[in-house]
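Participant: Protein chains in written order, with this note's numbering: chain D, 15 to 373; chain V, -18 to 145.
Quick caveat, the hints were computed from the structure, so don't treat them as lab data. One should not assume that every hint holds.
[As the list claims (entries may be wrong)] These stretches of chain D come out as covered by chain V in the derived footprint (C-beta under 8 Å, 3 or more residues):
no. : stretch
1   : 139 to 146
2   : 189 to 202
[Unchecked claim] List time: in silico DSSO-like cross-link candidates among lysine-lysine, alpha-carbon distance up to 27 Å:
no. : chain 1 : residue 1 : chain 2 : residue 2
3   : V       : Lys70     : D       : Lys115
4   : V       : Lys108    : D       : Lys115
5   : D       : Lys87     : D       : Lys180
6   : D       : Lys312    : V       : Lys47
7   : D       : Lys342    : V       : Lys66
8   : D       : Lys337    : V       : Lys70
9   : D       : Lys142    : V       : Lys108
10  : D       : Lys355    : V       : Lys108
11  : V       : Lys47     : D       : Lys306
12  : V       : Lys47     : D       : Lys175
13  : D       : Lys115    : V       : Lys119
Backbone N, C-alpha and C fix where the C-beta goes; we use that ideal spot for every residue, glycine too.
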Amino acid sequence: MMKKAAIEIQFHWIFVSIAGIMILGLFIFLVMRQQITYESRTSISIASDLRTILVGAQTATRTLNDLDIPQTKVKFECDLVGEQKIPYSIFSIGNHPEEIKSQVIFSPPEIDTSKLRAWSYDWSLPYKTNNFLFIAIPQERIILVEKSSQKSKSLCQMINKTLPEKLNIRYVQPNVPPSLTDLQDQNNQIETIIFCDFDPAINPSPSDVPSKLNPKYSRAISIKPTSDDLEKGTIRFFKATKTGYIPVEDEKSYAGSALIFGAIFSPEPIFFECNKKKALTRYHLVSDIYWKKTEALKGSISGDPNQIADCRDLYDQANRKLKNLADKSKNDLNEIYLDAKSIEAISDQLQRKSCPLIY
Amino acid sequence: MKKAQVQTLETIGVLIFFFVLLGLGMVFYYRFQAQSLSVEEREQQSLMAIRISQQISSLPELECSKYSGSSEFACIDIIKLEIAKTLIKNNPSYYSDIFFFSNIVIQQVYPSGPDILLYREVPKEYKNYQEEDIPQIKIPVPVELYDPSTETSNYGILRIAVYT
């Protein structure tokens, strides 16, 4: 009898243990599933909110917005994929990616902060085709380096004047202290050095190297305008080290000052090229509209016959250029710039002759 | 033996009762979650509607000339509008990123004129539905309709309906 009772108790406890383990396992499973669901839900919600914030920031051109976002890691990527080099651009929060097909956003590749600065600037060549959005973090510094030439001075001054004052900008002038090497490390996560109208020397002098800055967070670009109005030229990216600068890839072209700022806020050349291509896609679409608008204006104009003839002649001239700009296969920024300048000149004449304006 | 069997049955009974209570608890919890998700979904759809209205109000494809004397924001060039209709239709994958599933109509209010459908993309599940039967969030935005050929402006409403 005693043996029977002992065995009975043991079986009872085994049974209870199995039941207990099953219940515990069920709860652990439910909690883990809930956690995964919660993280996904939070990522999707933050991504959607961030998207709305970015659209809002981009809508009003030439404005700086200080944005408060939930403290979370946001990654931005822009790459050219496939043989046709189609831009593929996303931002992701956690495991949730959101594709950004039409918006042109220049930003650090990874942001882990609750405060962002979003600055929008229009790309107008000569008419507005896009509002670029530039994202900066508070721990970011832009260093403008001028050399002894009028063009370099003009370029640096233009960039300094256009960038919002709230951004952390340092201007280094020739023979005026502090030099580049005197600049102290401020624990910034991004240090962008901009050489106005010159390439940094491969083996620069000690005063031309930011020796006190952390090379992990430093990068450099040179901007060399080829037009008098500084709106066209080339850009080259460099990796900044404690002793010099290493060029990264070949020179990239730009047209329109908005692309200068795009290069300043691009972490690497591919990011710049990818966004440039996105911008060009929109550029051709908007140019198509202006091309057809010019045709419509030509047909609908009324008034003094002499004035009509003059206006139509100008519309014909503009149309030839607009047709080129609307052509999706034409992506040479030099040619785009020249056609845009012609249209600008034609537009001035239209205004003088009181013809309805194209843009 | 009979006593042991009764005890085991008792334990099983308690476990069954426990799991029934747990099941009921989970049903209530997931119903509450579903309700809260549907509220959040509605909020996200409202945000999307706001996003679309902001983008349209400053779309370079539609906005007026800065020299027209009109505001650059919430002003639509009607010549560009007619051309943009076709352009958007011919580039659906590009513009669906901006407009998503929505119905965008420009209504000329004063002086009255015809409605212009700029964009319409209906989710698959509602393809065969009548417009009024499709769940949607509507946002009307007053706009200026500028004619650059006559340099005159009319008053209109940009009617954005985002399908939910």
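Participant: Please go over all the hints and tell whether each is borne out by the structure.
Facilitator: Outcome of the hint check:
{"no.": "1", "hint": "139 to 146", "verdict": "holds (count 5)"}
{"no.": "2", "hint": "189 to 202", "verdict": "violated (count 0)"}
{"no.": "3", "hint": "Lys70/V x Lys115/D", "verdict": "holds, 17 Å"}
{"no.": "4", "hint": "Lys108/V x Lys115/D", "verdict": "holds, 25 Å"}
{"no.": "5", "hint": "Lys87/D x Lys180/D", "verdict": "holds, 23 Å"}
{"no.": "6", "hint": "Lys312/D x Lys47/V", "verdict": "holds, 20 Å"}
{"no.": "7", "hint": "Lys342/D x Lys66/V", "verdict": "holds, 19 Å"}
{"no.": "8", "hint": "Lys337/D x Lys70/V", "verdict": "holds, 20 Å"}
{"no.": "9", "hint": "Lys142/D x Lys108/V", "verdict": "violated, 36 Å"}
{"no.": "10", "hint": "Lys355/D x Lys108/V", "verdict": "violated, 47 Å"}
{"no.": "11", "hint": "Lys47/V x Lys306/D", "verdict": "holds, 19 Å"}
{"no.": "12", "hint": "Lys47/V x Lys175/D", "verdict": "holds, 23 Å"}
{"no.": "13", "hint": "Lys115/D x Lys119/V", "verdict": "holds, 25 Å"}
Against the hints set out earlier in the document, violations occur for numbers 2, 9, 10.
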